[in-house]
Each structure stands twice: as structure tokens, then as C-alpha cells.
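Participant: With full-length UniProt numbering, the residue at position 9 of the sequence shown is 9, and numbering never jumps.
Possibly wrong hints are sitting among the right ones.
Here are the simulated SDA-like cross-link-like pairs (lysine to any residue), alpha carbons at most 25 Å apart as the crow flies [as the list claims (entries may be wrong)]:
id, residue 1, residue 2
1, Lys182, Pro195
2, Lys156, Thr113
3, Lys156, Pro127
4, Lys163, Asp132
5, Lys182, Trp130
6, Lys182, Arg134
7, Lys156, Ser146
8, Lys163, Pro195
9, Lys182, Arg166
10, Lys136, Asp205
11, Lys163, Asp205
12, Lys136, Ser203
13, Lys136, Lys182
14, Lys136, Lys156
If you're looking for bench data, these hints aren't it; they were derived computationally from the structure.
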Amino acid sequence: MRKSRERPVGMMIDYAARMIWRWRERRFAWTPTAERLVRSADVWASVPRTLEVEVQAALGIGPDGWSVGTRSPFHRPRASRWRIYAPSSVAAAAATLVLLATGYLAQAEADATRTAALSGPANSSTPAAWADLRNKPSGVEITLRSATLHPAPAGKYYEGWVKGARGTVSIGTFHLRHQSEKVVLWSGVDLDEYPTIAVTLESEDDDPASSEQVIASGAVSPTDR
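Can you build the whole structure from these sequences, using the hints too?
Facilitator: Rendered as C-alpha cells:
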């Protein structure tokens, strides 16, 4: 009775194994070529002991895992660790730091804001406006700030100017009718040659020249240019 019970169980296991094998053949597309490769002795041959050395030599890596010509600083005495860096590398790093510092200082200097006071026509002690000057790649950015300058009347507008020995150059127009306390104007000329900033009240006509009706003006000192 025991043998009769074991035989059906063995047949079932064998049948299940054959079904699994057939499923694997269909699932993984088992081919005679693949079987030959798997059964080839070369595929399962031992890896040569010299393979690692050959690969390291091809990649320029020494036995310690570091590139040829360098050594790990962790295996050297503390006093000699800095000697592993070539002088040229140190010089290149120093030059890079100098360039970065120079660029940073130049950018900081270009972005530095300088302020000039513009007085009103009566030359009162209280400035009528302040002009914040900032050098930009496209010119000098001039931001006017004033709490006393009123919106321009209808048919009128304000115009900014820079003046010097070579003449007068317009730096933009505005009207302040929307209660803005800041106006950004631009100067395309060097303030060393045009050191005076002025704001005039102009009429909407065909005359592009200044009306000479000065609302505020002030000189830009050499330290503010």
C-alpha cells in the first residue's frame, strides 16, 4: 500500500517538473545556441589571477587603488601628507581663487550703490530728491527717490539730465501720476564728464531742448561716480 501511494506522488512531481521546464523554455526562449553557450567550459572557466593586474595597468591604477604617480595620503606620515600635491596643482588652485576673488570684488564694486543729493530751486537744506547711482554693463542706473516731487500737471512731464563741460544729455522722462516715489533713469555717458544731475519740468511740444525750469539738481562728487 505504501508503494502504491508513493508512485502517484512521484508521477505528479515529475509531471510538474516537466511542465515547469516547458514553461521556462517558452518564457525565456531557450535555444540550442544558448544551451551550447551555457554548457561551454570556457564560460565557466576560472578567472585568471592576472586579470586584475592587467585591468589596473590598462586604466593606469596602481596596486593600492590609486592612480599611478600618486599615493594615498592616509598611508603617509602627517608631516609629509602635503607633499603629494604637485606644485603646479597648488599654483593652479591659487590662480583660480585669485580669479574668483577678483571677479567677486569687481561685481561687488559694479553693484555698489552710491547716493547723491539733489536740492530744490530754493537750495533748501532738505534735499528735494536723492539719486542712487549704480554702474551696470549697459550704463549708469540712476534711481530717483523723492517724497516731495508732485505728479506732473496735464500736458507736462519731468525729464532727467546729466550736464558737463561737453554739454547736456537726457537720461529719461517720467510724470509720477501714479504716486510712484521711485524713478529709474539711465545714463549712457560717463558721469566723470557729466557730473551734474538735474530734473526739469517740460511741456509736451516739439522742442526737445531743456526748458531750463529746474525742479531739482545736484553734483555727483568724484567719490560717488
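Participant: Quick one: which hint numbers does this structure break? Sort them smallest to largest.
Facilitator: The structure breaks hints 2, 9, 10, 12 and 14; every other hint is satisfied.
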